[in-house]
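As given, the protein sequences belong to chains A and B, one line each in that order.
Take the numbering used here: the last position of the first sequence gets the number 148, and nothing is skipped along the way.
Take the numbering used here: the last position of the second sequence gets the number 1051, and nothing is skipped along the way.
By construction, these hints were calculated from the structure, which means they are not laboratory data.
Accuracy of the hints is not assured; some may be wrong.
Have a look at the derived ranges for each label pair, beta carbon to beta carbon [what the hints assert, rightly or not]:
hint	chain 1	residue 1	chain 2	residue 2	range
1	B	L912	A	Q109	23 to 31 Å
2	A	R86	B	E881	49 to 57 Å
3	A	G140	B	A936	38 to 46 Å
4	B	G941	A	R86	35 to 43 Å
5	A	A108	B	T874	47 to 55 Å
6	A	L40	B	G871	33 to 41 Å
7	A	G111	B	L993	24 to 32 Å
8	B	P988	A	L115	16 to 24 Å
Don't be surprised by glycine CBs; every beta carbon is placed ideally from N, CA and C.
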Amino acid sequence: MIQALTLILLCQLLGETLARMLGLPVPGPVLGMGLMLALLALSQRVAALVVPVGEGILRHLALLFVPAGVGVVGHLDRLGAQAGWLMLAIVLSTFLALLAGALAFLAVARLTGGGWYGDDD
Amino acid sequence: MMTDFAEIWSYLAAGPLIWLTLTLVAWVAADALSTATGRSPWTNPVLIAVLLLAVTLWGTGTPYAVYFEGAQFVHFLLGPATVSLAVPLYQQGQRVRRALLPVLAGLVAGSAVAVISALWIASALGVDGETLAALAPKSTTAPVAIGIAESLGGSPTLAAVLVLLTGIVGAVMVTPLFNALGIRDWRARGLAVGVAAHGIGTARAFQVHPQAGAFAGIGMGLNAILTAALAPAVLRLFL
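From just these sequences and the hints, can you work out the full model?
The structure is reproduced here in structure tokens:
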């Protein structure tokens, strides 16, 4: 487990370093995800180590947003007089974005014959 | 006795232990409630745990900075969790490669609609330009959104608030919406919620189905890149 965590942190560290060095608009951990994906694909040993630990962390992904969420409650007054309008824009736009994303995916999947075969194709 | 308790409290409240513990306690309670209601979208555990803790901080007069001393240990894991998203990508690699074109189509459509519709609706309602700059990247993951908002002249704090609200709205909305429409393809459902509602949407997708979670992770990661390119161009249309 410590070896897996070390690899995960090394990928994040390298990702942060690359993002800063190259001035990329992508956050370090996202680059780190790309590096980890390459490691997993290259080495069975890395995969055997990292897969169970990564799955364990992701099982609790939602918990990790709680501290930032608590911070946001204190800043709700920042929304100011426009709070209602902003909330309406967020709800409608999220609704439309979900629809657009899923429908575009399904339409192209049908066109390219990449249909869905269920849970365990 | 009262003074004893007050002393113990002031000792504990100053250290990280109590706030880390209370963060986990609030989470365990919220998660139990969510499980007891069969993972109903209305009992989103992030939302409930956040409200429980916000009330506790307010009731005890604790500043957020003191709370965060303890909660930072949980917050820090967001980075390693993002790196760990490589795991489902790796496991679902073949399925993802086969769906490459649908993924790109869903990404571009979802990302563009998220930015354009938010700015169009908000500007039609009379929201000012500086606030629009903070709203534009709301569907992307918080660190990217904050960077984009800043470069567009919006407030980073407001951007973080809007990002979190978007995540919770998306996580609550996604399951009833796609059930009502009869969309059963986990790939489409996951990708859409990852693009529209970043990490909180992705966390919701993992609760529902591992395939949805993997595609949500891809959607979130790719949208971080696309929004950085898209948001400045779209914002210019509405200023």
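Verification of the supplied hints:
no.	hint	in the structure
1	L912(B) / Q109(A): 23 to 31 Å	violated (40 Å)
2	R86(A) / E881(B): 49 to 57 Å	violated (26 Å)
3	G140(A) / A936(B): 38 to 46 Å	holds (40 Å)
4	G941(B) / R86(A): 35 to 43 Å	holds (42 Å)
5	A108(A) / T874(B): 47 to 55 Å	violated (28 Å)
6	L40(A) / G871(B): 33 to 41 Å	holds (39 Å)
7	G111(A) / L993(B): 24 to 32 Å	holds (27 Å)
8	P988(B) / L115(A): 16 to 24 Å	holds (19 Å)
Figure legend: structure checked against the earlier numbered hints; hints not met, in rising order: 1, 2 and 5.
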